[in-house]
Amino acid sequence: MNRRRKILGYGMGGFLFLFAMLYLFPYVWMTSMSFKPDGEIFSGRVFPEHPTLEQYQRLFYGYQFKDVTLTLPYATYYKNTIIVTVTSMVLVLFFDTMAAYGFAKFNFRGKKILFWTMIGTMLLPVYSTLIPSFWLFSVLNWINTYRALILPGVVDAYGIFLLKQYMETIPNELLDAAKVDGAGAFQRFWKIVVPLSRPAIATLAIFRFLFIWNDYLWPLVIIRDDTMYTLTLGIANMQLRQGMIVWGSQMAASVLATLPVLILVLVMQKQFLRGLTAGAFKA
Amino acid sequence: MASEDIIHNQTEIQEPTTSWYRLKERLAPYPFIAPFFIGFLVFQLLPIAFSIYLSFAEWNGMGAIEFLGLKNFSDMIQDAKFWNALRVTFYITAFCTIVGTAGATLLAVLLEKVEDWLASILRVFFFLPSVTSVVVIGYIWKQLYSSDYGFFNTLLIGLGLPPQQWLTDPKLALPALLVMLIWAGLGWDSLIITAGLRSIPDELYDAGKVDGTNGWTEFWYITLPLLQPTLLFVLVTGVIFLWGIFAQPSVLTGGGPLRHTQTIAMYLYDVGFRYHKFGYASAIAMILSVIMFISSYLNFRFVRSEAEY
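Chains as they are written, first to last, in this note's numbering: chain W, 1 to 283; chain G, 1001 to 1309.
Treat the hints loosely; a few may be bogus.
What the hints assert, rightly or not - According to the in silico footprint, chain G covers these stretches of chain W (three or more CB under 8 Å from chain G):
| # | segment |
| --- | --- |
| 1 | 16-28 |
| 2 | 31-38 |
| 3 | 70-83 |
| 4 | 108-120 |
| 5 | 210-216 |
| 6 | 250-260 |
As the list claims (entries may be wrong) - Here are the computed lysine-lysine pairs in the DSBU-like style, where the Cα-Cα straight-line distance is at most 35 Å:
| # | chain 1 | residue 1 | chain 2 | residue 2 |
| --- | --- | --- | --- | --- |
| 7 | W | K79 | G | K1277 |
| 8 | G | K1209 | W | K6 |
| 9 | G | K1277 | W | K179 |
| 10 | W | K270 | G | K1209 |
| 11 | G | K1024 | W | K112 |
| 12 | W | K111 | G | K1024 |
The hints are simulated quantities; they were obtained by calculation from the structure and are not laboratory data. This one's a predicted model, so the numbers in the text were calculated from it and none came from an experiment. Here a beta-carbon is modelled for each residue, glycine too, at the ideal position from N, C-alpha and C.
Please model the entire structure based on the sequences and the hints provided.
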């Protein structure tokens, strides 16, 4: 019986492994296209015959077309995305931990109403605010700015909820003891609650990183100037910009845009998957 | 008991009890939650209030706002493009939630039967599309589907079959989009379902074995009923996500051919940001929000009553 199950397990493992290889094929395609010279793009072969880094060089040094060099501000897209992602992450983590601490460790007038208002914002579809937010940012003259890319994402009820659940597991006695020692509310927050909430904060950080790094709709609405494009917007507009099909460079751009995310997921795999499933259940 | 009392007494003695201190402690939580609520007011409440107003008006984004009453909504009833987008989005939502959730459940159940070390590697593989930009996914699949040299057509030609216009044939564009969406969502859903499977106590399976369950009856009578809350979560989040789907179809097909793959969110974007009819676009956004609310509510009702039964 046991042996039979083991053999069955190996069989299933082999089958799922083959399935996973098939499943990953689009990634194989992306990578191999990015190493193909122009002449081979239309060859229909899966792997390049004469692999080259040409497509990657073009992203940074421009595209030579007859006598003209068309440049692509890919490095700028990268820079923009990093600036926006990092700033947004720092801000959102700071504000989320603060609000979560307020809700988890204090009793105050209006707590219930405020808490449920916050939960209610999780149900708001992004589309209900898209057009008026665009209007708001035009009025403020914030179109094509980092501020416009960063600030709306800082309102994050989901993160507050996730952290609040975690912070409630921190024993109150610890905070009371600190209170006796004369620690004010902020000191208790910064010296006790934040260090102890590190695992939950890390999970949230990964979430936010992925979300902001890959966001498309909001940058599409709020950014018009191509020097302010993020990576997703830049990749989406590559064909329009060059006025020709640049499949190879587009795939090279995609590889480079996916790489940081891939590394992040591989490095933080355990933490990420655990945080993800825990978060799913509490929601 | 006695020692606890002592500690308690000490606490009371040492904690400052001046009225200034008490006031400070009572007001302490507000600064912590204030940033969120300021952000909420400026970036959500204010825009939503304006959006509701705009849905009863017309505005090109610059001039005066013209109040129209219910005209936007009565226009919508006559608008064939709106109904088309509604139908397309409904098909996408229905197909992807049903097939996607079933597929993800199957994958999660099968992965549980595999050795741990292999299963954890495979989970990362299946999870990759969930962390890849939807724009990148869209362009990879656009290439795979390309009529000139795409992988699928190369495969068909190799098999001696005629190549297909995957993304420009009205019959094939929507199915092509659905395949991509199922592919992209499989890992995420199956991961959440895996977590659900882990929460089912082993004793139940042991008890089932005593009663002589086989693989299938075990799944049907033990796993599936206990997986209800997880499946509900996957369904509800899936429905909300899919009703609002925008980036994937706009990259893959641009809504074509002839609006066969244009979703409500894409139509909303077109009306607002291409034709600058912000009032009408806001009205569409209101309807979309209402649909999202209703369908998640129905999901709750439906799945819960099933569970009770």
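Inset, instruction - Provide an ascending list of the numbers of those earlier hints which the structure does not satisfy. - result: Result: hints 2, 3, 9 break, sorted rising.
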